[in-house]
Each structure stands twice: as C-alpha cells, then as structure tokens.
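Hints in hand, dock the two standalone chains.
Spelled out from the first residue to the last, the chains are:
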Amino acid sequence: MFSGWNWVAHGLYLLLNICSLEVSGGLVQSCGHIIPESPVLALGSNFTALCILNESCLDFGNIYANQIIWKIKNRVVPKEQYREINRTVSSVTFNDTSSLATPLTCNILADGQIEQNIYGITVTIGLPPEKPKNLSCIVHQVSKLTYPMTCTWNPGRHTFLDTHFRLKYRWPQENFPDCMPKDVNNSCTITDVQFFVNLEVWVEAVNALGKAESDPLVLDPIEIVKPLPPHNLSVNSGILPTVLKLSWENRISPAVMKLKFNIRYRITGDTNWMQVPPEDTASPRTSFSVQGLRPYTEYVFSIRCMKEDGVGYWSDWSEEKTGVTTEDKPSKGPPIWRIIDASHSPASWTVHLMWKALEPFEANGVILQYEVTVRAKSSLSSPPEKYNVSTTNLTLKLPNGTYEVTVIARNRVGASPPSVLLIPASNSKAPVKNVRTLPKDGKLWVGWTAPNSYVLKYVIEWCLVSNSSDCIIEWQNEPGNVQGTYLKGDIKPFKCYLITVYPLYADGQGSGQSVKAYLQQDRPSKGPTVQTKKVGKAEAVLTWNHLTVDEQNGFIRSYTIFYKTVDGNETAVTVDPSKTEYTLSSLTSDTLYTVRMMAYTDGGGRSGPDFTFTTQKFGKGEIEAIVVPVCLAFLLIVLLGVLFCFNKRDLIKKHIWPIVPDPSKSNIAQWSPQVPAKHNFSSKDQMYPEGSFTDVSVVEIEADDKKSFSEQDLKPFDLLKKEKSTSEGHSSGIGGSSCMSSPRQSVSDSDEGETTQNTSSTVQYSTVVLNGYRDQTPVQVFSRSESTQPLLDSEERSEDHAGGGDSTTQRQQYFKQSSGQDETNTDRPCFERTKQITSANEGDLVGFAQLQISGQSSQSLGLGLEKNTQEAALSDVLQASTEGLTVRPEAVEGNPLSVDEMPKSYLPQTVRQGGYMPQ
Amino acid sequence: MAAADSPSAALRRHDLCSRGIRLAGKMRSDVVDLLDTYVERQGLDASASVAVVEGVPAAAVERWDEQTGTQRLLENLAAYRAFRALLAQMLEEQREQLGEADAALGRALAAVLLQVSAFAYHLEELLRLESRGPPSEEGAGPPPAPHLGLFERKLRGLGVLRELAQWAVRSARDLRQLAKPSPGSSSAPGPAESP
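Same order as they appear, the protein sequences are chains A and B.
With the first letter of the first sequence counted as 1, position 625 gets the number 625 in full-length UniProt numbering; the numbers rise by one all the way through.
With the first letter of the second sequence counted as 1, position 105 gets the number 105 in full-length UniProt numbering; the numbers rise by one all the way through.
Just so you know, the hints here were simulated from the structure itself, not pulled from any lab data.
You can take every hint at face value.
Anything over 10 Å on all C-beta distances counts as not near chain B; from chain A, calculated: (1) C57; (2) K133; (3) D162; (4) W202; (5) F288; (6) D341; (7) I408; (8) K433; (9) Y505; (10) V515; (11) F562; (12) V575; (13) K579; (14) F611; (15) G621.
According to the in silico footprint, chain B covers these stretches of chain A (three or more CB under 8 Å from chain B): (16) 165-175; (17) 188-195.
Computed far set for chain A versus chain B, every beta-carbon distance over 12 Å: (18) P241; (19) W273; (20) D328; (21) H344; (22) A376; (23) G414; (24) I623.
Just so it is clear, CB atoms sit at the ideal spot from N, CA and C, and this is done for glycine as well.
If we strip away everything but chain B, and leave its shape as in the complex, we get (with noise of 0.2 Å):
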C-alpha cells in the first residue's frame, strides 16, 4: 500500500492507465479493421451472429459502476490472458489454414496479438502497484480447443474478435474509472476482489 501511495507509484499508475487506455483504443480500432478482414477473407457474412465463445469472459457486467478498481482489474485480466490463448490458438490455425497465403491477416492477428499481451502487461503491473501482485496464470488459461470443424473454428474467432473489441471498449472505461482520483476505490476491498 505504502508503494501505493508513493508519488513514483501514483505517477506510474497514472502512466499505465494513460496508456492502457489509449492501448486500448488502439487495440479497438485495429480489432475493428481485423474484423472487416476477417469476415472478408474468412468468407463469412459480417451479420452473422455468434453464440458465446467459451472461455471468453463476457464484456458486459452488471452493476459496471460498482465494481472495485482491483476487481476491474482482475476480471480485464482474466479476459485478456484468456483472448491471449485464443488469439495465438487463432493464429496458429489461421497459419495451418491459410499458411502464408494471406499474410496480412495473420500480420493483423499477430499485431492484435501482441496489443493483447502487451494490455495484459498494464494490468498486472498496475496489480502489482495495488500490491497484490497479479494471479498466476495457472488454470487461468482457456479450456483446450475442442474439436471443431472449419466454419466453426472460423466462426469462433469471429466471436473472439468480437468480443475483444467489446473488451476494448470495458477496458477503457475500466481504466478511466481507475485513473480517477477516487480514494479508496482501488484499497477498499470488495467482495469480488479475490480472483
């Protein structure tokens, strides 16, 4: 708590919430743009409505507003390590599928990769700032892939990309909401807090 409230601390917080937003801003608008190439170059139709991507946490939350910063940033987390798996898993099939025929869409998957993994990176170390550290990843990971035929792995990812720009969206606000000067909303525990 004492690094916490430090000045290095808090400025680095601030740093890490300026950036994580604009992150994931970027991570919105470039999962937008992947998602145009997607459907196009996966042959799907942009309207298509995808069930649930298991695995995948859902953006949308209830009571939002009430949600402690360190839970904000334990469930953003869960959520990005989670897109981490899928995306790479999306990667490798997109690789297997494709190979380097299409290289820019693999080039785009592996950029949104990255931004996943490197947002992933801002929350556990603002985690680490709140002085909890950030969970393992142990069990943390997305169920193994279960066997799908092509559509359905390409509908899938359709929904992964989906989702994640939903998630885009919550983590920026998440990340707002945390770099508001709100005492107490990252130190008072809430019941949600433990992961």
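In isolation and in its complexed conformation, chain A is listed as follows (with noise of 0.2 Å):
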C-alpha cells in the first residue's frame, strides 16, 4: 500500500515540480518552498515541516505564515499542529507519521477566501532494514572444478522501501566483490569459491533509512560441499553366488576431499532397502564386493558420497544399477505331501503326491526337474522305483504298504537336500488335539496343541467346503517345534474352510484332527424358508430345512422364529441351529399367524420369507365330540318315535288309513266271475299288507289274429280315440277311484293318444300308465273308467310275451289297482300298473291300447317282463289291431281260469257287451 501511495506521491512530485520550473522560468514566480524536500521517513516517528513564503510575495500578494494552511491529499491538517515560526515562515507538525499521506501541500488563503497551493512534497515512509539472520551457505559442486557457493538468510521484515541486499565476503588479506542478489532478496550464489581458506560471509542490507549486517560467518567452504554422487557405477558378479562387486567413478578429485561412501541395495521388486555397514565403506575409495547375497537374485545398487571427515553434506543417491548373482545349488528339497485314494481297490492305493515348487530363495537358480523315488519299506530288497518330472505332482498306483518317498529338486548347479515322506499303512501316531482357529490381521490363524512324541513336522491341509465345488486341497508344511501357524494362502472372508492338522512323525504320521473356520463370518446371504408341517387349533409345527454352506456365510449359531397376528406384537422364539423342526404353542384358534424366520451368524442374521397360516377352528375330535353325542340323540329320538309309533299303530291307522270296506267280501262279489287268490302275491302282499287293496279283478284278453274284429266291436275304439281329449279328469262310477289323479295328468296322457276311453261303455275303470314313451321318463297317467259295475280286483297274468304276430293268443296286460276308496282321497296309497299302449300307427290305432308295466314296478310285483318283450309284444299287438282284435267271447264271458293260467294283465271287463275293453 505504501509503495502505491510512493508511486502516486512521486507522480504528484513531478507536477508540482514542473510548475515550479515554469514558474521560475518567468510565468510566475513560486511564493515558497517546503522543507524537508521529499523526505523519506521511518514508519511511527515525528515529523516536522516548514513552509517557507518568498519576502518578494509577501508585498505583491499581502500574504504571511499565518494564511498558511497545511493539507495531506486535499485534506486540511487540523491547525493545531501549525505553528507560526514567523511572518514567512509556517512550520506543521506530526507525532506519528504513519497519519501523513502524499501529498503534503503548503496552501494560503489569498484575498479572503481564495485558496492557492504554495507548495507541495511527496512523503515516503518505511522502515529501516533488520538485521539479517540465519546466513547458512553450501557448496554444491556441479562440475568436477565448480563448486558455487549458494548462501541464504532470513531478511527480515518488510521495509515498504527499496531494500538491498548483498553478500560480502573476504579473505582475511583479500576482499572479493559482493554477490548481488538477483529477482530475491533471501539468496546469493558466489559462482566459485576457494577452499581451505577460511571465508568470512555476511550480508548487508541497505535502504533510505539506514543499512543492516548480519553477523559474519566464517568457515572454509570445503567444510560444506554437498559432492556430486559417484557415477558409472556398475555391478558385476564375482564367482560365489552370494557377491556381487560394485564400482564407480568419483566426480571429485582426492585433492580437494576424501570421500567416504554409502551403498544401498535391494532385491528387485522389494521396496525396503538394505545398506552395506557404513564403517566398511567409510574410506575414499572406487569399487566395493557387497557380499551376503542371495544366489540367482537381482539386486539394485545405489551408491552416495560425503567428505570423508563428515563435515559437509550427503551427496544424493546414485543413479540405480542391477546386478544378478550366480546360481547356487538348491537349498532345501520341495515340501512334500500326498493324498490316498484307497477306494479305488481294497488291495492298492492311488497316491496323489504333490510337492510345492521351491521359493526362489530356496530354488538357487532355474529348477530344471525333480526327482521323485519311491521306496517300499516292507521289500527292502526291492529296488526303488525313480520317477523325473518336471511339473509338481505326480500320481502313482502302490500295493497297500509302506512307502518311503523322496524328492529331490535339480537345477544347473546341482541338486536339493532331499524331502522324504512316509507313505504310511495307517495313520496310526498320535494325532494333535485342540486343533483351533483365529483369523488375525487378514489372515487365518491355526493353532494346535502338539502331541507328546518329537514331531518332525507339521501338514496342515485346507479346502473350501462348497456346495458348488469340491474340496481343493491346499496345504503347507510347517516345523515340528511350532504349534501355530498362518495359512499361507487366498483365504477369502465368509467362506467355509476345513482345516485338518498331520503330525509326522519320524517312523509315521498321526491322524489328521480337523476343524471348519471362516476368515470373516458375515450373516447369511438368505434367511431359512419356514413352513409349517401340521397347524391345529392351537399349535402349528413348523419345519424348515438347513441353509447351505454357501448361504451361510458363517457359523450358524441360532434361529430365530418371528410369528405375529396381523395385529399383534411379533413374538421370537430363539431355536437351537440343529433343529429343523419347531412346535410353536398357546396359539390363537381360528387366526391367521405370519410366521418368519432369522438365521444368526457371528456376522448377524437374516430374515426368510414370511410364511403364513391360519390355525384351526375346532381342536382335534372337537367335531367329532360334537356330531356324535348329536346323532345319538337324533337315533334315539327316532326309535323312540318308531316305538311310539308301533304301540299307537291302531289308533295311527285307524286315523291315517281308515279300513275301506271290501267288496271282495261284500255280497255283490257273488257274481264276480274270477275272484283270483290273493295268496298268490306274496310280494304284493307285503306290499300291502294292511289291505290297502282290498281286492284285484283280472281280465284276460286273447287277440287271435285269425280272428278279427267285427265294425261294431271297433267302434269303441274309434269313439275312445275320439274321446281321449275329453277324457280327462273324470272319475265316476262305483268305487271308481283313481290314484294320484288329476285333471292334468289325464291331459298330458291324452297327448299320447294310446289310452282311449269308451265313453259309450258303461264301465269305467281307471287305468294308469307308469311307463314313459320309448324310454321317455314315464309320467303317470290315469284314465278314469265309470262302471256300474262293482270293482273287480283282478289280476291277469301273461303267459305268452314271445309270440310273433301270428301267434294265436297275444295277451295284452292290464293293471288296476283300484282301493275303492273314495276318489278324491289322493294320499291314500295306491298304485295301477298298466302296460302303456303304443302305437306305430296313430291312424291305425283304433281303440287298442296296450299298458305297460314299468319295469322297476314290475320287479315289486314279481311281473318280470322285461322291456324289449313287452316291446314285441306290443308289436305284435299293433301288428293284430291292423288285422282287426277279435276280444274273445270265452274270455268276456268270464270263463274261469285256472291258477295256472291266470293272466298277469288286467282289464276292466265291459258288462254290458260281455266282453272287456282295453283302455
């Protein structure tokens, strides 16, 4: 900030100085003067001014000191720093300059107000230099006769003033030129210097205000070479394999110093170097044998130096050489080990021997081949069976024995100790125990407890146990005496490893003793899926199966079942990790329960899939203790009713089927031509057995084919079919009855047109038709017949369904069952069986109509016909309507049959005619 204000003061300066020029050249003449002319001033001290007015402008303008008024860059200077020495003279005062600023101007008041500039300096202000410290100086050498002298110190603070600075030294009896600091004001380099003189050094720093030194230093400068390192160094291999000789070039001649050296060294691709003993290279010399070096090893070489006495600095390091040294016989014979394969044959073993490839510190050089032999313990006579490979394994087939393996690895030099293994019959030695792992620094620790026997050594065998994989066998040896080790392999976190532990012995080895580890346990990649294996009212069973060694990550170590109501608290049940199984109790009937499950290793837990199910309403036998007793009570209500029931029967009957009067019995059955036995009805008997049907009347009638029926028998039939549409619903005559009739049924009858009713006969019988219209479901039809002649119980059995059409006797059958009852009592059980009459021929019909019995009816009546005969039989019987159906005479006029001979059908008789009219 200062040295702008220095700038804008010095341009201000200028001006004014030019008008003070053209003035004094005779324009105007200056009517005064400021002393101190640009003063420059130290920072915080007084300062004091004189405005001097010229005697010639005091009589021209009338102007004195007391006008005067003093002002910094247009800012009036309060007037108690003024001071009026005399009537020319004015003089301002300031106790700390750093309130002044550029410029400081010398002004008057002229005729009253106008005010006029006198005058006018520019004020510098700054510090002095300090005194600098901290000089130090060295001497690089960057040439074998140049040696520059470099030199800094600290210059103190800022000065705000053109400062400068400069190295002095000198010989006692000579002085040099100074060295000038070039673009910085902290350093100076003397192009060259003297050694083993004693020079004195000091800096001097000058400004405006005053001029610093800093104190002298003294010293030779031989004292403070930094060398240039040696070089051409290069590295040669001696004859032992562990020596490599070094050598180089020093870039400063014995005359000025000696040198003493370091050396560095490392095997190529390590980082951490190693160094030669200082002592050993602590004198001037040109070549060095580093020695204790690993054969057929690459080393770096680097080499620095530094005055012999160690006064002075380190040079830095040497460009880097390499150097290999020669190869050496191997130093110890491969690792060993094998695995057996006895399951191949009882009698012999595979052997898988493997071996581990040397380290190149052990392998000395290029490992050319190994050499494998086999010796059988047991034949000693046997000669040993030698085997040259050159990879690291090798398989053999052996009897079942004891073998003695040896391997010897080759290389150029020469060969390894050899590394013997004992095949062993059985591991039958001591085994370690407490085998234990640790995973420790990223590694995995395993740790053993040593057997009591001298171990040889110690196999420690490893793989990773997969589902995905098999066991890799991996291994390392390790000595007898130590009981621990790290394995030395890619052990990766959250895997599975089984680790088995051999002792070997001199004479055998001790069984493997095994343990599983993980480097890093981490929880489970999925949770186990739970399922539930039976749910009952109150309980559930849940199973789940195990997570697999690869989505366990880590010992399992619980599980946790999670199982909540949709709108209850989740509750935990922690199970042991070897359960698959869980019965989870005191459950809410009839409630959907989410189950879920969390498996925990020492890594954490995770969650399977929620499950749900909803518990049973009713505990087991619940129901059944429910339904049982329930259908007991139903049981006994009914036989308790049925008991009822039969004691009341009487009264029961006499209310529900009062005794219809029979007129079997009656005197008008006198007359009845045929009064069939009962007896022979066993089945119908039992059927009816209260009497319900108090009598059957049969009709038989014989169609004789030769025999044809005369116009006037006919026209019954015509007048039956022109009637069949009116013949619904009519019921009349003496005990005419009708089961289940109805004015509709006797309808829908009609519209088969194959019942017909003589209207013009006297007697009428109803007859009902049980089966349907070619396999149709049968609708029951009846046609109601008004007689005045009393009911008939009847029965006509047929005897002849096989007959063709000309057969000579074609019985149609008819049924009627009629209970004599009064008519309109439709509850009272009955049932008429009637032989359906069909018709081919609508137009042909006349007035025959067949009934047929149904056959589920018929098999209760013991009337076995069957529905194909009754078919041809009514094929028959339509083939005879063409021909004319003579009814005979014998059989209206009521000649008695014989048991025998009863007719199965049935036909209401026609009185008047003498003859019996199907319907």
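The structure is reproduced here in structure tokens:
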C-alpha cells in the first residue's frame, strides 16, 4: 500500500516540480517552498515540515505565514499542528508519520477566501532494514572443478522501501566483489569459491532509512560441500553366488576432499533398502564387493558420498544399477505331501504325490526337474522306483504298504537335499489336539496342541467347503517345533474352510484333526424358508431346511422364529441351530399368523420369507365330540318315535288308513266271474299288508289274429280315440277311484293318444300308465273309467310274450289297482300298473292300447316283464290290431281260469257287451 | 614465542599446516589441469623445454632436509609472492590476448591465482605464529616484465605453471615437515633464517 502511495506521491511531486520550473522560468514566480524536500520517513517517527514564503510575495500579495493552510492529500491538517515561526515561515508537526499521506501541500488563502497552492512535497514512509539472520551457506558441486556457493538468510521484516541486500565475503587478506541477489532478497550464489582458506561471509541490507549487517560467518568452503554422487556405477557378479562387485567413479578430486560412501541395495521388486555397513565404506575407494547376497537374485544398487570426516553434506544417491548373483544349488528340498485314494480297490492305493515349487530364495536358480524316488519299506530288496518329472505332482498306483518317498529338486548347479515323506499303512500315531483357528490381521491362524512325541513337522491341509465345487485341497508344511501358523494361501472371507492338521513323525504320521473355520463371518445370504408341517387349533408345527454352506457365510449360531397375528405384536423364539422343526404353542384358534425365521451367524442375521397360516377353528376331536352325541340323540329320538308309533299303530291306522270295506267280501262279489287268489302274490301282500287293496280283478284278453274284430266291435275304439281328449279328469262310478288322479295328468296322457276311453261303455275303470314312451320318463297317467259294475280285484298274468305277430294268443296285460275308496282322497297310497299302449301308427290304432308296466314296478310286483319283451309284444299287438282285434267272447264271458293260467294282465270288464274293452 | 607455545597457537598452526597441505595438493591438481589447458589453448608443445623463469625461486633445493621451518616458510612465501605477481601478469596478458573468448582458461588462471594468494596468506599466518611476522613485500616483487614477444610470453607462462606445480609439491612437503612435532625446528635460528 505504501509503495502505491509512493508512486502517486512521486507523480504529483513531478507535476509540482514542472509547475515550479515553469514558474521559475519566468511565467509565474513561486511564492514559497517546503523544507524538507521529499523526505523518507521512518514509520512511527515524528516529522516537522516548514513552509517558507518568498519575501517578494509578501509585498505583492499581502501573503503572510499566518494565512498558510497545510493539507495532506486535500485534507486540511488541523490548525493545532501549525506553528507560525515568523511572518514568512509556518511549520506543521506530525507526532506519528503513519498519519501522513502524500502529497503534503502548503496553501494560502489569498484575498480572503481564495485558496492557492504554494508548494507540495511527497512523503515516503518505511522502515529501516532489519539485521539479516540465519545466514547459512552450502557449496554445491556442479562439475569436477566448479563449486558455486549459495548462501541464504532471513531478510527480516518488510521495509516498504527499496532495500538492497548484498552478500559480502572476503579472505583476511583479500576482498572479493559482493554477491548481488537476483530477483530475490534472501539468497545469493557465489560462482566459485576456493577451499582451504577461511572465508568470512556476511549480508548487508541497505535502504533509505539505514543499513544493517548480519553476523559474519567464517568458514572454509570445503566444510560445506555437497559433492556430486559417484557415477558410472557398475555391478558385476563374482565367483561366489552370494557376492556382487560394485565399481564407480568419483567426481571430486581426492586433492579437494577424500570421500566416504554409503551403499544401499534391495532385491528387485522389493521396496525395502538394505545398506552396507557404513564403516565398511568409510574410506576413499572406487569399488566395493557386497557380500551375503542370495544366489540367483537380482539386486538394485545405489551409492552416495560425502567428505571423509563427515563435515559437509551427503551427496544425492547415484543412479540405480542392477546385478544378478549367480546360481547355487537349491538350499532345501521341496515340501511334499500326498493324497491317498483307497476307494478304487482294497488292495492298492492311488497316491497323488504333491510338492511345492521352491521359493526363489530356496531354489537358487532355475529348477530343471524333480527326481522322485519311491521305495517300499516292507520289501527292502526290491529296487526303488525313480521318476523324473518337471511338474510338481505325480500320481502312482501302489499296493498297500509302507513307502518312503523322496523328492529332490535339481537346477543347473546341483541337487537339493532330499525331502522325505513316509506313506504309512495307517495313521496310527498320536494326533494333535485342540485344533483351533483365529482370524488375525486378515489371515487365518491355526493353532494346535502338540502331541507328546517328537514331531518332525506338521502338514496343514485345508480346502474351501462349498456346495458348488469340490473340496480342492491346499496344504503347507510347518516345522515340528511350532504349534500354530498362518494359512499361506488366498483365504477368502465368508467362506467355510475345513482345516486338518497332521503331525509327521520319523516313523509315520498321526491322524488328522479337523476344524472348520471362517476368516470372516457375514450374515447369511438368505434366511431359512419356514413352513408349517401341521396346524392345529392352538399350535403349529413349523419345519425348515438348513441353509447350505454357501448361504451360511458363517457358523449358524441360532435360529429365531418370529410370529405374529395380523394386528398383534411379534413374538420371537430362539431355536437351537441343529433343529429343523419347532412347535409353536399357545396360538389363538382360527387366526391368521405370519411367521418368519432368521438365521444368525457371528456376522449377523438374515430373515427368510414370511409364511402365513391359519389356526384351526376346532381342535382335534371336537367335531366328533359334538356330532356323535347329536347323532346318537337323533337316533334315540327316532327310535322312540318308532316305538311310539308301533305301540300306537292301531290308533294311527285308524286315523290315517281307515278301514275300507272290502268289496270282495261284499255280497255283490259273489257274482264276480273270477276271484283271484290273493295268496299268489306274496310280494303284493307284503307291499300292501294293511289291506289297502282289498281286491284286484283280473281280466284276460286274448287277441287272436285269426279273428277279426267286427265293425261294431271296433267302434268303441274309435270312440275312445275321439274321446281321448275329453277323457281328462273324470272319475265316477262305484268305487271308481283314481290314485294320484288329476285332470292335468290325464291331459298329458291323452297327448300320447294311446289310451282311449270308451265313453259309450257303461263301465269305466281308471287306468294308470306308469311307463314312458320309448324309454322316456314315465308319466303317471290314469284314465278313469266309469262303471256301474262293482269293482273287482283282478289280476292277469301274461303267459305268452314271445309270440310273433302270428301267435294265436296275444295277451294284453292290464293292471288296475283300485282301492275302492273315495276318489277325492289322493293321499291314499295306491298303485296302478298298466301296460302303456303304444301305437306305431296313430291312424291305424283304433281303440286299442297296450298298457306297459314299468320295469321298476314290475320287479316289485314280481311280474318280470322285460322292456324289450314288452315292446315285442306291443308290436305284435299292433300288428294284430291292423288286422283287427278280436276279443274272445269266451274270455269276456268270464270263463274261469285256473290258477296257473291266471293272466298277468288285468283288463277292466265290460259288462254290458259281455267283453272287456281295453282302455 | 610464548604465542607459539600456547595450545591455541599450536592448534592454529596445526590447522594452518593441515589446510596448507591440502591447499597445496589442490593447487597442484588444478595447476596440472591448467597446464594441459594452457598448452592446448596456447598452441604449445607439452614437451617443450622452458628455461628458468626469471624471478621465480627454484623449487628444487639442495639439503632440503636441513632447512629450518622458518626458512622453509620464508622461501615458500617468497616464491608464492612471485607466483602471485607472475600469474596476475599472465592473467592480464591472457585477457589482453584472448579477451573474453577463452573464459575457461581465464577462470582457471584466476582460480590458481586465488589459491596462490591463499597459500601465501597461510604462509604469512604461519610466520606470524613463528613470532616473526611476514616480511615486507616491498622489493620482494617480481622484476618488471621484460618486453617479450607473444610466443615468449606463452613459454614464460608455461614455465611459471610448471614451476608452480613443482612448488606445490615442495610446499606440501615443507608444511608436513613443519607440522611434525619436532621441537626446535621452528625456534632454532639458522643461518638462512634471515630474509
């Protein structure tokens, strides 16, 4: 900031000077000036300036010192700081120069109020230089003969002024030109210095406010040299495989300084440097043999130097050079192990011999081949078998026995000591105990307790246990004096490893002891899937499968089952990890439960999917406990009711089935042409035991094709046909009862056109048709006949169904059941079985119908008529009807039939014309 | 004498001798290098024989081992003072001859001149420790340079440098002799002790 003001002030100062020059040139005469002229002031000091007016102006302009006004950069200085020394001189005093600014002007009020500038000066404010401190010098060797010396110092505070630093140096008897820094104020380089003479060095700082010098530094420049590092470093392998010889050139003359050295080296690829003991290289030299190196190993070397007495600075490290030691014999035999596969045949083994390639520091060169020797211990006479292999494994088929296997690694220089492995018949020796693992520093440590016997070495086998891959065995050897080691391999976290430790003895080996371990555990990758095995009213049996090894990510420490109702709190149950089933109890019946299961490892837990189930409403046996008593009670009630009815059957019968007078026992029955014996129908008796059917009259009609019906005889049939539509629902006559009669049913019956009623007949019977047409569902049809003739119990058996159209006798079966009760009583059980009259040609059928008994009823009635038989009979009848149906008057006359000849059809009788007319 | 016997004086003397020996060694090394450069740059033959340079005391001396310390110092001082004057003259002539064109030779000459001057200072300091003080330089300077031709001047310069190299060797031996703790070697006045 101050420098900026300085520039401004300087500009104004020049302007004012130009003005004053012009004035002094005669244009305008200056009326005064300020003393001191453009001072440089120390910051914080006091300052007094004088403005001196010219005498000539006093008279000319009536200007006096008491009219002077001092201004700092257009700001009037308070009058208190003025002092009128005489009538031409006014002074202004500043106690602290920090309040000053540029320009400082002397002004005057001419003619009352007109302010005129008389003079102005610039004021430069700064600080005197501080004494430079911390002066230090170093001589950098830049070539064999060039030693520039660079000195640095602390220039001290900023002075706000142009301050010059110079480095001064001299010999006691000779001065040298000063070193002037370029662009900096804190260092300078002397291009060439002479050694072995003390040089006095100091720094001088100068500015307008003063000068300061640092403390002098007296030194011999040879004591502050940083030499160039040795160059042209070369590395040569010597005769010995453990020695490399280094050679180099020094770039500083021994006349100038004697040197000592540091040599460092490292194996290529390694980052750690090793160093040759400094005392071995503390004297001037240009070569050195580094010993104790590994054979057949590439090393990197670097070297530096400094003054022999240690005064001065170390040089930088030289460029790096590499060298390779020569080969040597392998220092040890390869570690060897085996896998014995005895599964193929009991008498021999498949032995997989495995050995590890030697580490470079053990191989000491390029291993050209391995020599494997297998010697049977049992038969010492047999020569050992030798194999030369270049790989690190060998598979042999050996008979059961004890063998000594020897492996030797060979390189260009020689062979390694042999590695010996005994393949015993059995692992009969003492095993290790207490195998344990511990993850440590990202590696898996395996420890064990040694057996009591002396162990040559241990073999640690391990493999990754996985569902997706086989257990690929890795192994390593450990010396017999250790009881723990880190697994040397790529041990992955969250994977299960099966680790087995075998102790090897001089005469055999102990059995392996295994342990499973994880380097690091994580929570399982999925949770168990739980489901119900059985659900009851208050309990549910849950079942799940164990997680696979790949899913576990650690040892499953426990399972936790969480279950809850829709709106209830979740309940957790911890389950032993060995279990796969658990019974939840104390559940609420008929409730939806959500259950899930978490599996926990040391790394955390993970939940499986939710599963829902509903408990049952009733428990086991509850339904039975309710239903069985209810059924028993119902049965009991029924039984009681039956007993009651049985006891009161007379009374019931009286009310429900009142005794109907039996017409057969009436007097009019005495003239009935036929009275069939009741006892022929035992089934009928059983079905109607209560005498609901008092009697059945049987009418047999024989149709003889040889006979033709007279015209007169056929008339009633025509009438019947004509009247069929009007025959509905009429029931009359003595005892003319119709079971299940209804007008509608009669109408439907009349549609079939199969039943006719001879209205001209004085006797009408109701005829019930129970079979359907052409296998259709039978419709109960009845036609009612009116007769003045008393009701007859008749029964007719058809004796000949197989007769052709030419058969002399075609018996049409009619069956009528009539109870003789009041026709309005439809609740009465009654049955009518008739042969349904069918007609192939409606036009040809004249007053003839066949009633067909339904098969079902025929069985119960014992009438044994097959449907096809009936149809055949019907066709015969129809054929006969075309030729004319002749009703035998004999039958109409009522010739009594013997019991055997009793027809199975029943036809109503027509009394008036002495024959029966089918309806 | 008292000062010479004080421990600090002995230390100072040893230091001066030690550094003087190393300075002489470096000086010789530099002069040998300079000789090669000089011969090359001046177009001279390295095997050229040069007559004895006038004003330069000969490094070779008979009965060297019988000399006293002070005598050695005085002879050395006289020689180096002469070398200082001769080298300054050579530097001047070289600058006049080659200007700034051969700055490397000039710098090397200047460096040797500085070392000669420094060695002279060492010798003066040692003489002060001997309580004799260095002799005045008046009259000890080299004789005024005769007006020689350019080639002669080159040959003269070659002779100066060769003699300086020889003196550097002798001075180192002298200082080693002085540094030896041989009582009386420095104090015993000898016939050649007076300048």
